[in-house]
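Position chain B relative to chain A; hints supplied.
As they're listed, the protein sequences go chains A and B. The opening position of the first sequence corresponds to residue 37 in the working numbering, with each subsequent residue numbered one higher. The opening position of the second sequence corresponds to residue 37 in the working numbering, with each subsequent residue numbered one higher.
I should point out that these hints are in silico values taken from the structure, not numbers from a laboratory. Hints are supplied without guarantee of correctness; some may be wrong.
Pairs involving identical chains hold if they fit within one copy or between any two copies, as the list cannot separate such chains.
As the list claims (entries may be wrong) - With a straight-line Cα cutoff of 30 Å, these simulated BS3-like cross-link-like pairs (lysine-lysine) come out:
1. Lys332 to Lys299
2. Lys218 to Lys122
3. Lys122 to Lys180
4. Lys115 to Lys395
5. Lys299 to Lys180
6. Lys267 to Lys395
7. Lys218 to Lys395
8. Lys299 to Lys218
Number of protein chains: 2
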Amino acid sequence: MVETSGVGVPGVTELNIEPVRLREFGMDLMTQLGVPQEKGEICIEAFLFGSLRGIDTHGFFALLPRMVREIRAGMIDPKADSCVIKRKTATALIDGCRGPGPVTAFQSMNEAMRRCRESGIGGVATYNCNHFGAASFYGYQAVKEDLIGLTFSNATPRVVPHGGREGVHGTNPMSFAIPAGKYPPLVVDIATSASSAGKIGQALKKGEKIPEGWALDQNGHPTIDPEKALKGLFLPMAGHKGYGLGLVVDILTGALTGSFCGKEVPALEDLTTPYGASFCMLALNPSCFAGVNMFKEKVDRLIEDCVTCPPMDGVERVYFPGELEAIEEERRTRIGVPIQEEDLDRFYQNLRDHGLDFKEDVLI
Amino acid sequence: MVETSGVGVPGVTELNIEPVRLREFGMDLMTQLGVPQEKGEICIEAFLFGSLRGIDTHGFFALLPRMVREIRAGMIDPKADSCVIKRKTATALIDGCRGPGPVTAFQSMNEAMRRCRESGIGGVATYNCNHFGAASFYGYQAVKEDLIGLTFSNATPRVVPHGGREGVHGTNPMSFAIPAGKYPPLVVDIATSASSAGKIGQALKKGEKIPEGWALDQNGHPTIDPEKALKGLFLPMAGHKGYGLGLVVDILTGALTGSFCGKEVPALEDLTTPYGASFCMLALNPSCFAGVNMFKEKVDRLIEDCVTCPPMDGVERVYFPGELEAIEEERRTRIGVPIQEEDLDRFYQNLRDHGLDFKEDVLI
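Just chain A, with the same shape it has in the complex (with noise of 0.2 Å):
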């Protein structure tokens, strides 16, 4: 089924495209490049967990092309599985074997939840890892099962340090995902840099400029040009701060697995070499300290102070954090994921390029 949305830009055509029709999609593709079922299921809800939350940078259109052309160019293994290197009562280290990102950071998260059902808490850290879409996805998997689910992943040195002109450590990302009563979990889900390259992305598609403090050109000068942006390097979000947080994950991740680090994480972009970079799954289970029932009761109460909180002049209303991103998904799962057609036609023809072969009207 198709709608044509009346939003958007004049004479482009959005449609709306069932969940249903991805998932089956997807799933073809997935048998044809090799990736066996249950994996297979892993990184397709992996991409629709972001198209339905309107994360679209980290959503099926943009996360399923890459996998393909990691998966052609050999930086994935599509058969995978991710293998405990070392084992404690409440850690584990992992070697993720190149395995697709999505199906790593699930089985890294289910050990750290093992873990952490007896224990109280769990900590693993996985290296040998691909991009894995949204991190918040394996924050859910905890949340599921009222657990508190944190995630950790470095990347590709973009991010310049506080004061500094070349890149050190990546946008590393950081998210906490938290099992709330009555409300939808409770979502954090940042990068520690200013913005990402995905943001910055969309703004050059619009033919928008984006904010001071942002980004650097090639020279290390500052600049609000997207294109000189997507060439140059990153800001750290809140000067010291997010620089601090962003040198952390890398520490979370490749300094705990003894793999690359900061600089030494390759460029996800270099398809002759594996990615290589490390996840770090926490999870911490409330039950084993004063219990699950006054802990959502808590984080209810929490949540309820900040969406009654009087806004500031010209803000609607207070939004709690994963808000938004759970309204959305309700809507995009009843309306379906949006995409304009020709953004559709390169999509498909991605695909054929990497010899890929689909009937179009599966999505339509």
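Here is chain B on its own, set in the frame of chain A:
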């Protein structure tokens, strides 16, 4: 020994006081206040940690009078040990029993460290706490034993949610302390608000304005006047990102312990009621992952990449997180902790007002 340093405002005499004298002076007061020897030492070391590292808002002259006031008011029980309420292999829920904040925090971090030695990771959440001073003091405890130490505390709700104009959570600090090899530890110690009461107070004292984006006045309008800011509310760092992180701190502390959370946390300045903040301490053991030597090598390399990064125009050089504090610690350990003469007089008067007895020549 006193040195009058030439820096500072004309007509203002700045004294530099040797750490050993501050220790002796402080321990005498601790005894008068009924704080047992071992606990008194923890408090004084926590205060000196702030003073030596240049974190004067969380140093000896700021926090000792606060503790005196709070012990005299009955908010702090000077003899109380914290008490484990619930234990799992890798976690503990602890009642801080209104002991001195640094004592509770020290004991909580010890519990987390004990668990992480065997299990790889340890997590402790503690309620019924008082102000612990500089968060990174407790991370340092872990670093001394080659462990990673994470510290979180909630606080009186003075920070608005993103877009709101009522305080919903505290400045909610988070600290990460990381052992390095040939470098001093990498230490991130930040409020999740754009600034802190301490820094705004310093601006007020110097007669300076504060930057935009730090605070709102009592009516919820942006202000750069530090006096109005101190009567008003603080903004989260980096907009929605700091808002999310601030809430996460309340969740890992107040919600996990089932204690005061967000708006429920009492006002620190209200001496008629216990403070009731909560802490969360996490410790991770690099030897349970890729090993301590490998870990330190990676952290060293990351630090190296930061300090050798070419600086932006107008910046002398790039420092790694914790480096400026380590330099200051070395300097102040040598030349002493600076204080203006009139501030020292006020400090003495404040102590006398609380019935404490001492000889002024202990310090100078």
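So, going through the hints one by one against the coordinates:
In this homomeric assembly, Lys332 and Lys299 come within 30 Å of each other (Cα to Cα) only across copies, at 16 Å, whereas the closest approach inside a single copy is 40 Å. In this homomeric assembly, Lys218 and Lys122 come within 30 Å of each other (Cα to Cα) only across copies, at 27 Å, whereas the closest approach inside a single copy is 39 Å. Both within a single protomer and between protomers do Lys122 and Lys180 lie at most 30 Å apart by alpha-carbon distance, with minima of 27 Å and 24 Å respectively. Within a single copy, Lys115 and Lys395 get their C-alpha atoms as close as 25 Å, which meets the 30 Å cut-off; across copies the closest is 75 Å, which misses it.
In this assembly of identical chains, the alpha carbons of Lys299 and Lys180 lie at most 30 Å apart only when taken from different copies (27 Å versus 36 Å within one copy). Proximity of Lys267 and Lys395 under a CA criterion of 30 Å is satisfied in neither setting, with 36 Å inside one chain copy and 64 Å between copies. For the homomeric pair Lys218 and Lys395, neither the shortest alpha-carbon distance inside one copy (42 Å) nor that between copies (60 Å) is at most 30 Å. In the homo-oligomer, the alpha carbons of Lys299 and Lys218 lie at most 30 Å apart only across protomers (19 Å), although the nearest pairing inside one protomer, at 43 Å, exceeds that limit.
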